[in-house]
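Visitor: Fit the two chains together into the complex; they arrive one by one in their own frames, and the hints show the way.
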Amino acid sequence: MRRVALLGAILAVSSSPTTAQGLSVLVGGVQARYADSVSGTAGLLSVRLSGSAPQLAGILEAGFSKFASGEWVSQLSSYGTGVVSLGSGIGLGLAVGGDVNYTEGSLWSGQVSAGPLTAFTSGSFLATLGASVGTIRSITDSAFATATLNARVRQQLRAGVALGIGASGVAADTLRYADLTLEFTHTGPRTKLSLFGGIRSGDLVDDPWGQAHFELAVTARAKIEAAVGRYPSDLAGFTDGLFATVGVRVGITRSPRLGGATPPVEVEPLESGRVRVTFRFPGKAERLEIAGDWNGWIPLLLERHGGDSWSVELALPPGIHRYSLVVDGETWTVPAGVPTEPDDFGGEVALLVVR
Amino acid sequence: MKPVTLLLITALAAASMAQPMHAQQVSIREQLIARGAPAEFADQVAAVVAAAEAEALPTEPLVSKALEGWAKRGRVPPERVLAVLSQTQASLRLGREVTLGAGFDPPPGAVVAAAAGALGRGISREQVLDIMTAAPEPAGAATGLTVAAALAAQGLDRPAAVKAVRDAFRAGRSPDEVLEFPSAVTGLRAHGESLADVARRILEGGGLPMPSQQGMGPQAGRPPGVPGSQPGQGSAKKKGQSNKP
Numbered sequence: 001m002r003r004v005a006l007l008g009a010i011l012a013v014s015s016s017p018t019t020a021q022g023l024s025v026l027v028g029g030v031q032a033r034y035a036d037s038v039s040g041t042a043g044l045l046s047v048r049l050s051g052s053a054p055q056l057a058g059i060l061e062a063g064f065s066k067f068a069s070g071e072w073v074s075q076l077s078s079y080g081t082g083v084v085s086l087g088s089g090i091g092l093g094l095a096v097g098g099d100v101n102y103t104e105g106s107l108w109s110g111q112v113s114a115g116p117l118t119a120f121t122s123g124s125f126l127a128t129l130g131a132s133v134g135t136i137r138s139i140t141d142s143a144f145a146t147a148t149l150n151a152r153v154r155q156q157l158r159a160g161v162a163l164g165i166g167a168s169g170v171a172a173d174t175l176r177y178a179d180l181t182l183e184f185t186h187t188g189p190r191t192k193l194s195l196f197g198g199i200r201s202g203d204l205v206d207d208p209w210g211q212a213h214f215e216l217a218v219t220a221r222a223k224i225e226a227a228v229g230r231y232p233s234d235l236a237g238f239t240d241g242l243f244a245t246v247g248v249r250v251g252i253t254r255s256p257r258l259g260g261a262t263p264p265v266e267v268e269p270l271e272s273g274r275v276r277v278t279f280r281f282p283g284k285a286e287r288l289e290i291a292g293d294w295n296g297w298i299p300l301l302l303e304r305h306g307g308d309s310w311s312v313e314l315a316l317p318p319g320i321h322r323y324s325l326v327v328d329g330e331t332w333t334v335p336a337g338v339p340t341e342p343d344d345f346g347g348e349v350a351l352l353v354v355r
Numbered sequence: 001m002k003p004v005t006l007l008l009i010t011a012l013a014a015a016s017m018a019q020p021m022h023a024q025q026v027s028i029r030e031q032l033i034a035r036g037a038p039a040e041f042a043d044q045v046a047a048v049v050a051a052a053e054a055e056a057l058p059t060e061p062l063v064s065k066a067l068e069g070w071a072k073r074g075r076v077p078p079e080r081v082l083a084v085l086s087q088t089q090a091s092l093r094l095g096r097e098v099t100l101g102a103g104f105d106p107p108p109g110a111v112v113a114a115a116a117g118a119l120g121r122g123i124s125r126e127q128v129l130d131i132m133t134a135a136p137e138p139a140g141a142a143t144g145l146t147v148a149a150a151l152a153a154q155g156l157d158r159p160a161a162v163k164a165v166r167d168a169f170r171a172g173r174s175p176d177e178v179l180e181f182p183s184a185v186t187g188l189r190a191h192g193e194s195l196a197d198v199a200r201r202i203l204e205g206g207g208l209p210m211p212s213q214q215g216m217g218p219q220a221g222r223p224p225g226v227p228g229s230q231p232g233q234g235s236a237k238k239k240g241q242s243n244k245p
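Chains as they are written, first to last, in this note's numbering: chain A, 1 to 355; chain B, 1 to 245.
The hints are simulated quantities; they were obtained by calculation from the structure and are not laboratory data. The C-beta atom is built at its ideal place from N, Cα and C for all residues, glycine as well. Wrong hints could be hidden among the right ones.
[As the list claims (entries may be wrong)] Only some residues are given here: those of chain B computed to face chain A with a beta carbon under 10 Å: (1) ARG35; (2) SER64; (3) PRO182.
With the rest of the complex left out, here is chain B (with noise of 0.2 Å):
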């Protein structure tokens, strides 16, 4: 890529961050026509986004979801891309309407999208109301269904990702604490333990490790195993007597 497509693209990127939501839509279409994409592909993603702004629809997954369709296009084609973006799109309505039915009027974009992610790894309406409600606050409610989403789609079965994340907010703990689950998981997999594993020892209550547990650090004195000569002859005494107490 041209340093100069490239600035051009970045302006755009940084322009569309700054703008309201209706000019983002044109943001979308210009960016991906820096980027090389045909005008016909980019009015149709535009049309897609804009519809989603009139129902109200947060719209940065589908802008998001576009780009990553398009800069990924050496193996995925555009038709696969607006298909992409219609599923989106199907998913964030869901999710609008699942949030306002646990109460949240009107309701967060960043809660509506995370809502809508989960929903599309499978997880269901009543267990996305039941991250919702456990969540600490509505940023909670956001962080806990995106770790929530990103745990299915590391394979765990929806009933434990749902409880891992439920059962760690009722017990107090904060979404920065939450958000370590996915690594949690993987450190898990990278350890032997199989996925089967991961979700009985959550099922079973034993949650997911916390960083708390990490970091003893090394011990004053000879290293474990290492043992030493007998007292009476070494340098080690008490002032004046041995070292034996």
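This is chain A alone, in the form it adopts within the complex (with noise of 0.2 Å):
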């Protein structure tokens, strides 16, 4: 039998359409063992190309794998969501997805899938709902129609930590079977971290599955990416293997941001109307301090959690605050990256948004 291996990598695969924008190039390797103990090793080069417009997000990646065997395979998919604002946290949408895979010698395959989407956001929780329809063009030739119906929850634990769990259910042609899948994402300055697997019951039996991705910021326009795990058998034709990738992503345009990048500040709801409010502050300081129109100004001193990384606990009502940052109880300044907005002073005061 004619077996071909094909390699690729998309690392991020757990950031969300709407975080990562721009344009960007990913050169690397990629080692893959497969079910049948057939081993590949190749290059890769991937173009991804990402961006939101107002209610809408996308993404487009193309790749290309070359092994040192010398096949070939090129692959482009795509993912795009619209979401409607219903008010109340409750979003109404799309989702449209495919992708398609091309190897060397006429072997492909594709498919395509659409379908609703609903999302409830609340504080640091978030749930969707969706449900989609679609057709596959297996690697054999054949063609059928599936139906998916998902559901996932992702609660933000603690600033930069995140645990998800999600279920789905597929029917294609003959087959039913079920995902469970859990994930947990771990998101420090320059740093991602992201671990999810799953289990699956139903007619396309496999093995428990898991994959580790990480991410590493080298400067605002580049980080290394590397991922390793296994993944599953899938309606395409598949079957299921083991990956070890490791590339570098460079952004080609202005964005700073490749996806999982940490936000400056994160405000996190505790019991009895308190947050916890951690910063990214990446200048030098033995002691920050914050100060603000909520407690007349006096500054209240920071824990630092290493690196540069800061938190403080807050009796903050929903509303937008206003603050400044005191770094070694001299200067006064404001995070970069947040909302901020002149003092009437000369200079500028930071904007803590608490909901």
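Guide: Structure follows, in structure tokens:
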């Protein structure tokens, strides 16, 4: 039987389409070992175009891999959502996705699907429910329709740490199966670690699978991406396999955020009307304080958590609060990348939004 | 700052929040003196606050501005603080007038303060009224005005800032959602969009992104772009057959 090992890598799988902006290029390599013990090593070139418009977000990615054995494969995938807010944290929209895989020798597969999507968000909690129908052209020349129902909840546990669980049911021709997935994400000042995996039950039998994806921002435009793990079989006809990838992604556009960069300030609701505010302050500081309009501008010491992460618990009602940071008891400043306004004294203050 | 002094300032600040308006005038003077301000300056500030109270204006913006200015005394001279207080008082007068004109009688202090802030950022009386009438309730009016003022302060065209808030309210979005707008503008700017682009986006009816668009998470299966091997040899099979449907 002819056997083709097809490789590539899109590493920021867990990134929301709306947080990845602009054009970027990934250059790297990948090593894979498939269910039938066949291995392959390839070089990889991938281009990602992503963007968002009001109530729309989309991503388009094209990849080309060439194996050490000489074979090559190209891939094109895209995903887009349009969500309209209905108020009170509820959104309703449409999700559309598809991909095409082509391998040297006229072996190709493709799939496309579309369906409604509903979302509910409250504070750091997000829940989505979606359904889709589509069609798949498998690598064995067969084509069939699919129907999928999926649900996912995600909760930010604390600044930079989120946990999610999802479930989906799939019907494709005579096959019926369900996936249960778990995800954990930790985002640091320059790093992002995503762990996720799942189990499957039903007709398309497979072992549990899991993956670890890691990103390290080297500069504002470049980061190292690495991933390792196992993926399950799919309806396009590919078997399960193990993979390890490493590469460098370079942003071509001006965007400094290549996927899961951490926002400079995060507000996490606590009990009794309190919030924990965490800042990313990369500037030099032995001591960092916050002063704002909620307490008469009395500087309050922030706790350092290593690196440039600082946090403090505050009793703040919902609203927009004006504040400044005080560096080493002397310099009044505002964090980079947060909303600001003039302070009427010739400087500026930052705006802290509490929902 | 010595711990004892800090404790005293904190106690005074806490006391001022719990006391009625008249007592707050005394409080602002004592707070400033406790922080090392000259008595003459503290008296001048207290006089401004007293005058505002006599006009039935909210005094919290003046107290906060005075404390902020004094806290930044390393680069802000007292004369500048007093000048800013005078401007803020004038804005509060105008804000009260506009709030009364919108039918809020008696005018809530939070709405007056927010209207003053918006007027101080160059938003016109008509635009302030636009937001007030579009808001679902008085507290929403204060939030909407504060957000519009923040958007204007971020450099957004005033008409675009007002339209963003007004249209959001008219579309049924809550004040809670509108609070996200300043961060949304900052995010769009960080992604390379110019202020003109953001303003055009709003004026063309697109509005600003809502948080409900975010967070799709991973899909079950191999990562996008990581293909597998051809079937037949692997373990992925339907019970008793290939994984081909």
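Visitor: Taking the hints in turn, state whether each one holds.
Guide: For each hint, the structure was consulted:
1. The beta carbon of ARG35(B) is positioned within 10 Å of a beta carbon in chain A (closest approach about 9 Å), and the interface hint is therefore held.
2. Restraint check, SER64(B) versus chain A: the minimum CB separation of about 5 Å is within 10 Å; hint holds.
3. Interface restraint check: PRO182(B) against chain A, minimum CB-CB distance 4 Å, threshold 10 Å, status holds.
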